[in-house]
Amino acid sequence: MTHPATPQFTLDDLAERLGAHLVGDGSRWIRGLATLKDAGPDQVAFVANRSYLKDLASSRAGAVLLHPEHAAACPGARLELPNPYLGYAHLSQLFDPILARREGGVHPSAVVAEDVALGARVEIGANAVIEAGVELGDDVRVGAGSFIGAGSRLGAGSLLHPNVTVCHGVTIGERAILHSGCVIGGDGFGFAHDGSRWHKIAQLGGVVMGDDVEVGSCSSIDRGALDDTVIGNDVKIDSQVQIAHNVRIGDHTALAGCVGIAGSTRVGRNCMLGGGVGLSGHLTICDGVQVTGMSLVTNSIHEPGVYSSGTGAMPNAQWRKNAVRFKQLDELARRLTRLEKRSQEG
Amino acid sequence: MTHPATPQFTLDDLAERLGAHLVGDGSRWIRGLATLKDAGPDQVAFVANRSYLKDLASSRAGAVLLHPEHAAACPGARLELPNPYLGYAHLSQLFDPILARREGGVHPSAVVAEDVALGARVEIGANAVIEAGVELGDDVRVGAGSFIGAGSRLGAGSLLHPNVTVCHGVTIGERAILHSGCVIGGDGFGFAHDGSRWHKIAQLGGVVMGDDVEVGSCSSIDRGALDDTVIGNDVKIDSQVQIAHNVRIGDHTALAGCVGIAGSTRVGRNCMLGGGVGLSGHLTICDGVQVTGMSLVTNSIHEPGVYSSGTGAMPNAQWRKNAVRFKQLDELARRLTRLEKRSQEG
Amino acid sequence: MTHPATPQFTLDDLAERLGAHLVGDGSRWIRGLATLKDAGPDQVAFVANRSYLKDLASSRAGAVLLHPEHAAACPGARLELPNPYLGYAHLSQLFDPILARREGGVHPSAVVAEDVALGARVEIGANAVIEAGVELGDDVRVGAGSFIGAGSRLGAGSLLHPNVTVCHGVTIGERAILHSGCVIGGDGFGFAHDGSRWHKIAQLGGVVMGDDVEVGSCSSIDRGALDDTVIGNDVKIDSQVQIAHNVRIGDHTALAGCVGIAGSTRVGRNCMLGGGVGLSGHLTICDGVQVTGMSLVTNSIHEPGVYSSGTGAMPNAQWRKNAVRFKQLDELARRLTRLEKRSQEG
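Chains as they are written, first to last, in the numbering used here: chain A, 1 to 346; chain B, 1001 to 1346; chain C, 2001 to 2346.
No lab work stands behind these hints: they were computed from the structure. From the three backbone atoms N, C-alpha and C, an ideal C-beta is built for every residue, glycine too. Some hints could be false.
[What the hints assert, rightly or not] Simulated restraints, written as ranges between beta carbons of each label pair: (1) S1058(B) - H302(A): 25 to 31 Å; (2) H2282(C) - E1303(B): 41 to 47 Å; (3) G104(A) - D2194(C): 28 to 34 Å; (4) P2068(C) - R197(A): 50 to 56 Å; (5) R1334(B) - A71(A): 39 to 45 Å; (6) K2327(C) - A1072(B): 54 to 60 Å; (7) G305(A) - H2282(C): 28 to 34 Å; (8) T1035(B) - N299(A): 23 to 29 Å; (9) S1196(B) - H302(A): 52 to 58 Å; (10) K1327(B) - E103(A): 51 to 57 Å; (11) A1317(B) - D2115(C): 54 to 60 Å; (12) A1317(B) - P315(A): 23 to 29 Å; (13) R1031(B) - G2105(C): 16 to 22 Å.
Use the sequences and the hints to build the structure in full.
Structure below.
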């Protein structure tokens, strides 16, 4: 729980780690990343698209990460890479104080059941609670105040930020990143009605997550009713997302903030759901589907492509008039049809 | 905090607990539930509707829960019940390792104020915090890391999963189930504006919840401004739901994930709100109303029935054309009317 | 962690604190606030608008807070103020047991790094965790189970309710109120795609919040990618709100429950976003904009005013017909245009 030191690297070291071609003084120390405008001599900036080229001349950056074809526009030191945005991603990870931090060991205030299986170099933060039968792979880090329920397993290199809840019987792959406030494996929403009241259907399935999954702050992934809820490999889930029981999400799919997916829906691989998108239950969304923000999907989608619903905001006075007409839309269409008939007859 | 043992029962025992008519070997041990397709000889499956009858012949299930009228289609052991889905609900509860688990006692790391009133067999998990004046009924279980604020009361048999927050002055009935990350009794959103800035209106009401209420992961129920926020009996609330101050929800109503209800709105009994539904403030929704997913309700509803708004997703290119037209809708309607007049005159 | 005592004041004392003109017995003890209908002789009620004047005659309130022009309608004791609703806000704060409570000191179960800088009268609750380099101003109160990450700073008078998470490198101004379950400074949602999979863009910016900010239960404010996410002064954020990386929110703006704001969008000063509103990324919303509930904003807004989208709920049968027509809207418009041409030609 020490204050994380700011990582620093020489340009030579960075070039080697990125596999980049360095032009400039390799002994310069770099202590961070910044935009072209803000970067100082101990920071690296990057040019991910052409529109920023105009800022190159005036940048004070210690080096600039860019595509070789933009090298001529860069008066100072540069790191040339075919995909500078990807290079920026790799570089950013080196400078993250939390990703880089290694505290080591189990904090004395943590409550860890006797039979928990701890891999090498596992860290468990203050006041965390780990129940019986849990297995934590090598280099797993569990943040302060986090909870891992009985029998759950976390793959090597996984990182739980503080105040994360992983319920019992959950299996998480390697290199997961779970952000504060998220809950993995709470009960799905299942009840039988007897004609007058509800009876709980206990949720006996678990949650199974592949490798390289990230889950944002305050998101919830519910456990399955009988079978598991399944999250594929390299699935990226933003904050405030709700994934209901028995949903299955394919590899490499990304869900933006506030997405809600109802029970038993299957989302394919390489999909992208925009912020606030809602999927009804029991749908199948094929691979390669993108849905724009706040759209409602009530039917399965069988063709890759971009899908949308809703209408954008407009001044309230204009909106009121149009929204009223929406309620008359079927009638308007029928009136139009009648008029067309009359016109053809006339 | 032991690893929960898998519960097991003989078929005779299950038949008696369900009040079902058993046909088959009553001494067989059953260790779980599964679908007809997946169930093995030590698991029970169920047929809740006719469409699954075709799977009966090939099922390896140790017994099948079904309606007596489907008995002939079942070659193996069976548990006959008039409402097999309800039977499944009851059966599932028997096999839930968390519902069945009894640890007993107050974990030494929990911080419990001296004057807390503990019923019989109360369990308090590791690192939980219980403030002064709290009353916990018999068999209440408080999960690890959960917090219960001063003067709050939990009825007998209530279960708080790990990392739940119940603020001060909250009253919860019997057999509540609160999932991880939910917050009961945070401040409602109230401010007075002085012409230039906001002044907080302290939220002096509480939250009062009836019996048999369930609240999902990461949901929030805000405390009232002066009076209480009131949740009736047998109300079921899914994950990521927001209930604002002074809302009142009638008995047996169910709210799916991501529902948001604004301040002072009253929802009747036996209502069902689909995922992502939003209700404006100060509305009255009568008993027996269903609202489909992601609908926006801005007016009170006085007749039972199903209500909807919004439009479903379509291919983006098609949607763009239609969404643009929505902004012209009032104008289109006026043009249609003019044309009709001209046609009648002509 | 004592049971908070109910605060009490004489009417004389309240009049002085509010700067109100008291008519009545100043020695009467007041122990709370209530509505005109419910208030008893030891409670104050208020009349914020004319529609409640009719309840004045029958009210048993110990005193009524009202505008001087309504004095004649009040038969009992009264506190006269030009803005009674503002007076109610100030009064309510006096009677909030949590705002008024002072426990003092650091609970022995809290885990506080050695170099944390604690102001005067700082309170740290049971099982809270404070990492290295944190600075807490005078009178800061940190609720039970809350976490404050390395190097973060909280201004004087800030109140963290139980189970709040403030990640590392976050700066929060004075008098903040953070409700349970909220997460400040979780990673923003940033990834680079290499053609087959995602690579994390570490989020190296922080969150900077001004003075007098309130954040509701289970809300999340993500840290910036390179620069900070910035929340202005006197910004009020309700429950279940998601604010993505590098968003900037101007002073005095209020966001109702379930609002979602995508990355890098700038919201002006004195704006109000209704419940469930969604803003796309990289927009600019000018000062003084109001957006009604559940609207989707996909374009920047440059004029103050009220904006809306969506359509309200209607009976499902009616809705189905209209929603189908929405998918034909562009076609209907084209048919109308053709008919108009024919009519003009004819």
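Comparing the hints with the structure gives:
{"no.": "1", "hint": "S1058(B) - H302(A): 25 to 31 Å", "result": "holds, 29 Å"}
{"no.": "2", "hint": "H2282(C) - E1303(B): 41 to 47 Å", "result": "holds, 44 Å"}
{"no.": "3", "hint": "G104(A) - D2194(C): 28 to 34 Å", "result": "holds, 32 Å"}
{"no.": "4", "hint": "P2068(C) - R197(A): 50 to 56 Å", "result": "holds, 53 Å"}
{"no.": "5", "hint": "R1334(B) - A71(A): 39 to 45 Å", "result": "violated, 60 Å"}
{"no.": "6", "hint": "K2327(C) - A1072(B): 54 to 60 Å", "result": "violated, 46 Å"}
{"no.": "7", "hint": "G305(A) - H2282(C): 28 to 34 Å", "result": "violated, 23 Å"}
{"no.": "8", "hint": "T1035(B) - N299(A): 23 to 29 Å", "result": "holds, 25 Å"}
{"no.": "9", "hint": "S1196(B) - H302(A): 52 to 58 Å", "result": "holds, 55 Å"}
{"no.": "10", "hint": "K1327(B) - E103(A): 51 to 57 Å", "result": "holds, 56 Å"}
{"no.": "11", "hint": "A1317(B) - D2115(C): 54 to 60 Å", "result": "holds, 59 Å"}
{"no.": "12", "hint": "A1317(B) - P315(A): 23 to 29 Å", "result": "holds, 26 Å"}
{"no.": "13", "hint": "R1031(B) - G2105(C): 16 to 22 Å", "result": "violated, 52 Å"}
Hint violations for this structure: numbers 5, 6, 7, 13, all remaining hints satisfied.
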